[in-house]
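K.L.:
Read top to bottom, the protein sequences are chains G and R.
Here this note's numbering is used: the first residue of the first sequence is 1, the next is one more, and so on.
Here this note's numbering is used: the first residue of the second sequence is 1001, the next is one more, and so on.
Since the hints were derived computationally from the structure, they do not count as laboratory data.
Mixed in with the good hints, there may be bad ones.
Reference listing, derived: stretches of chain G covered by chain R, where coverage requires no fewer than 3 residues with Cβ under 8 Å from a Cβ of chain R [stated by the list, open to error]: (1) 29 to 41; (2) 137 to 150; (3) 185 to 191.
Subject to a maximum C-alpha distance of 20 Å in a straight line, what follows is the list of computed PhoX-like cross-link-like pairs (lysine-lysine) [claimed, not checked]: (4) R:Lys-1009 - G:Lys-202; (5) G:Lys-214 - R:Lys-1105; (6) R:Lys-1004 - R:Lys-1170; (7) R:Lys-1257 - G:Lys-214.
Even glycine gets a Cβ: it sits at the ideal position worked out from N, Cα and C.
Single-letter residue listing:
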Amino acid sequence: MQKFIQHKGVVAPLDRANIDTDMIIPKQFLKSIKRSGFGPNLFDELRYLDEGVPDQDCSQRPLNTEFVLNQPRYQGCSILLARENFGCGSSREHAPWALDDFGIRVVIAPSFAEIFFNNCFKNGLLPIVLNEDEVDSLFEEVAAAEGYELRIDLENQQVIKPDGKALGFAIDDFRKHCLLNGLDDIGLTLQQADVIRAYEVKRRKEAPWLFCDK
Amino acid sequence: MAGKTLYDKLWDAHLVSQQTDGSALIYIDLQLLHEVTSPQAFEGLRLAGRSPWRISGNLATPDHNVPTTSKERTIGVEGIEDPVSRIQVQTLDDNCDEFGVVEFKMNDPRQGIVHVVGPEQGATLPGMTVVCGDSHTSTHGAFGALAHGIGTSEVEHVLATQCLIAKKMKNMLVRVDGALEAGVTAKDVVLAIIGEIGTAGGTGYAIEFGGEVIQNLSMEGRMTVCNMAIEAGARAGMVAVDDTTVEYVKGRPFAPKAEQWQQAVASWKEFVSDDDAVFDHLVVLDGGSIKPQVTWGTSPEMVLPVDAHVPDPAAEPDQGKSQGIERALSYMGLTANQAITDIQLDRVFIGSCTNSRIEDLREAAAVVKGRKVASTLKQALVVPGSGLVKAQAEQEGLDLIFREAGLEWREPGCSMCLAMNADKLGQGEHCASTSNRNFEGRQGFGGRTHLVSPAMAAAAAIEGHFVDVREFMGQS
Ligand code: SF4
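Just chain R, same shape as in the assembly (with noise of 0.2 Å):
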């Protein structure tokens, strides 16, 4: 018999029973809550009179809507001037305190996105199944987890019974040999994948990213990586549990202590792919030829090289493929066959779950370390994922570091990446963005955002338009 693949093993390791149509009950290690896709799961458990089957499942925290200007935090809940945003945090505290869910709330210096929370806690830890009502639930698959986004009605159904209805996925290895050069990041790496695969590719699938490249990444650049799987349309991504996983995880709050800890990291090395696993599908990538990338159009799969040029519709022989990049150009104001690099920028956002980590922060300060940001930027923001996050950059100088070259220093949330709360992009702006959704309108109606690493994205920032990172970086 041909042996497991992780994600085999994890879906063993959490079969509670299994139906004769194909579905399955599932267990739910984790399920971490926000305050956009959880009020009316709590609601549905009070109308049917439901307790939550176990509270120490669930950690919560307010990330979508939460302003990212002290001002308006300082205040506290009452201080949030949209007024429906301001009700949606209110009603998660109350749910919390209802229900008694561990919450870290708004102004706790242990808030943040969800996805920078989770990890940063120890609260997802290896071999673990995590849920949450948001589809970048991927990223936690970095620790060697089974973890996706689910709807809200799953919320409800997770809050009563710890269990979720699922089918299995098929397998998928994308696997990045060799090694990056100098400047070339995780981010560079995941966007590259789905250039190859597509933004479809990975439907039906659960991806694991293996390799040399992805092996040699840090638990932060992993978790970038599978943060991105939904963008290559895979609900989970993982990678394999080694040395780097347990290093990471070793001290956290809710990480395993004393004699369990043994024990935990002796299982832990188990959720690795054996080696005779069969998947369904392949895809190789050489990481030595990966370049910094770029996204041009008005989704993560329209993505180029830095040193490219947008491409020609006149030159797509299929008709189809011609049109979407006409329309995409359109929406993006830019001209065919222009230069990456000749892409004027009107602002720039350092942040998301997928780029707002302490190395991504690091990563983006040496870039614009000593410099200015270029005069024709309307707006350049740092917003770090966690209230802790923010205090380890404010620690290392980092926070001056932004300051003096004229980017902004904010308080934690998802902000600019989703333009829920009051940061965003007006008409026709573009953004180089460390986010991980380009599509119109995203980031503010009518936005036209580049998805980029955040070496690439403080390097525009100082330059005003697209540079290369690697020459950047050499000229200081």
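Chain G on its own, in the form it takes in the complex (with noise of 0.2 Å):
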């Protein structure tokens, strides 16, 4: 997983609550083998206006040029900033594979649905919960600003905007420790590999058959 220490990038506000994991990426792409390559049917229903298929050349279709993501302004973002309960609805993982393959690593809200929450840091997202104020006034500053940057700190916890201002954000010790080094599950457990391998060798040694090739 791509560590997470320092963050900066262009904010594009979607103002909208109760964004839904099937306005993330529509259940008609899950058929899919891979994890990759959702990005250009990242909220596909809000940023085409004719209805996605699997496997189709987006670059052709008819932009909803109202949507903020096709608004040039935003073009390039990283930033996500949303209302409360993001990523409610179903548990599919590929909500945060969709994210992240169209390039965003922070998503900015007053509150997450759980499952998507979790997903986020499995997969490298980092997920920030700021109180309604300061998301209220993040938006404002966004729509006033072109080109509006903020600077994520995951070491200090920080949001910080362009005049220097910083938000505090809380986040839990593990998940912090996993992002900071790029940790997912499988990087955690690669972390004990020289039990694993010690465990191997005495298991050799007791029942060999077990290690036997195919």
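Hey, can you piece these two chains together into the complex? The hints should help.
P.N.:
Structure below.
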């Protein structure tokens, strides 16, 4: 998993509460055998005027120019600013996969749905909870200044505005450790690689037939 | 100190490290892979630039999506008509080729349902931990192994580390005493167990099946029982190792050979529960009173002996249960108090990882031999669990017996068990099925599944409705 230490990027404001996982990535794309490549279909129904089907060339589709991610000033954004209960709905891990594939690294909202929140950490995305007032004022500032960027300092748990003002956020120590070191479950287990190898050496002596080639 | 259960011993033998929060890292000896739940796991490895920890700990075969008609099979993967199925099967081939995983490809004679193939090849061995991205992995517990289903992110975790993050379950013993009547089989035993403890009865437990009845079952019968542990809510079901286990494993392609064989057998004998082992929960059934079973509803616990009548919601005092019965009857198109033997059938399916092994086919063939499938039936299918089961059956002439009786003889795969390929039920159709799940829509949208043993399915195919196979056999 990609490490997350510091991040600076353009903020896109998605001014809508209860964004569900079906909006993030509609169900017709779940039949895929991949976990990458969902980026072009992120927010498919909001982003395009036609109905999306799997494996289509999205560059030819009619865009909904009203939708925030289609507006020129937000191109290249990597931080999504959203309203409460972001990521509600199904448990599909395709939602963080799609955000990640699109290039989003941080989602800021007043609250998140729990499974989505967990899935973000497994995939190196940082969901940040700020209070309603802070989110409100961020929405205003983003609207007022084109190219508005935020800097995220995970080590110090701060969202730093262009004027240098910092907003603190909370994060569980263990999750912070995993993000800072780029550790997903597999990464964590691999930290015990020596223990696993030692186990294998012992087992190979006791039960050598378990280690035969197929 | 109290003795250890079989599950305790399997857990201890595979414990790599224990965390303070109760979670642990356990070592996985064998991971089975199939086309539906592995693609994103391989993709995850690639994206993270990781390589598999121990390739020889994996074995793959496509099963869920493969077509079962020889017409669609002969051309190979390109011949699979459904595009999603074709891509999944092709992707499994590509991934296994790229990473060097041993795979029995679609037209390899050893291909089949993963849970039939693993034991058949001797890839599943006593004392092992076995996982697969499929809930019926519990089947392999029949060998005195710890075996259970996992999700796709766990499949990736096992590929990358050969370990799984797990929490220890509680111990349950289901003891079936006495002896079974003729015509009553392993399938009836496990359906009766589920009827007794319910579909949530085993939640949080690893179930060990024991008692005289289980000890006297063949390995194939034990696999049928363990297969459905998950239908009783338990992720893992298991049976202690004995001579039957060792005999079955002997001489199989991946089984230990020469001097390792003696060493292995000696160590396998340890995989039994100690006499003074303590179980958190004990369930006892009298094997002698188990009759052939038929599920009438939309959950495996909605099961009754063949001579019973379907329940009447009005007779159920608990309102929640009464409504549940009513809903199930309405979905199944049955009326309260209807005799099970009055249920008319449209299709019969003999197959699935529960009942598609050679003994199952022999059992069904013995019933249909010299008879004809009822003219009211739209279809009766026999789908062997693997290419080797198919070959064995053909060598014994079972295919001819089935064909002459009017049953279709197919290529190996999951087939109508879950309707991921072209074999499915039409809306409202009743099917006598030897599979393991009778959930709404499981075998096709609006389809109505009745779970039974192979002998019961075969007898039902002849009569066009359910009959007590014990009486039926008496008539010949
Ligand atoms: S036969 Fe049915 S239950 Fe068994 S693995 Fe295939 S789909 Fe799953």
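K.L.:
Between the region 29 to 41 of chain G and chain R, see if three or more residues pass the 8 Å beta-carbon test, and mark the coverage as holds or violated.
P.N.:
It holds: at least three residues are needed, and the region 29 to 41 of chain G offers 5 whose Cβ sits within less than 8 Å of chain R.
K.L.:
Examine the region 137 to 150 of chain G: at least three residues should have C-beta closer than 8 Å to a C-beta of chain R.
P.N.:
violated (count 0)
K.L.:
Are the Cα atoms of Lys-1009 (chain R) and Lys-202 (chain G) separated by 20 Å or less?
P.N.:
Between Lys-1009 (chain R) and Lys-202 (chain G) the Cα gap is close to 16 Å, so the pair holds against 20 Å.
K.L.:
At least three residues with a C-beta closer than 8 Å to a C-beta of chain R: is that true for the region 185 to 191 of chain G?
P.N.:
Three-residue rule met by the region 185 to 191 of chain G, so holds; n is 4.
K.L.:
Is the Cα-Cα distance between Lys-214 (chain G) and Lys-1105 (chain R) 20 Å or less?
P.N.:
15 Å, holds
K.L.:
Would you check the hint for Lys-1004 (chain R) and Lys-1170 (chain R), treating anything up to 20 Å between C-alpha atoms as holding?
P.N.:
12 Å, holds
K.L.:
Does Lys-1257 (chain R) pair with Lys-214 (chain G) here, judged by a C-alpha cut-off of 20 Å?
P.N.:
Roughly 13 Å between the alpha carbons, so the hint for Lys-1257 (chain R) and Lys-214 (chain G) holds.
Hint 2 from the earlier list is the only one contradicted by this structure; the remaining hints agree with it.
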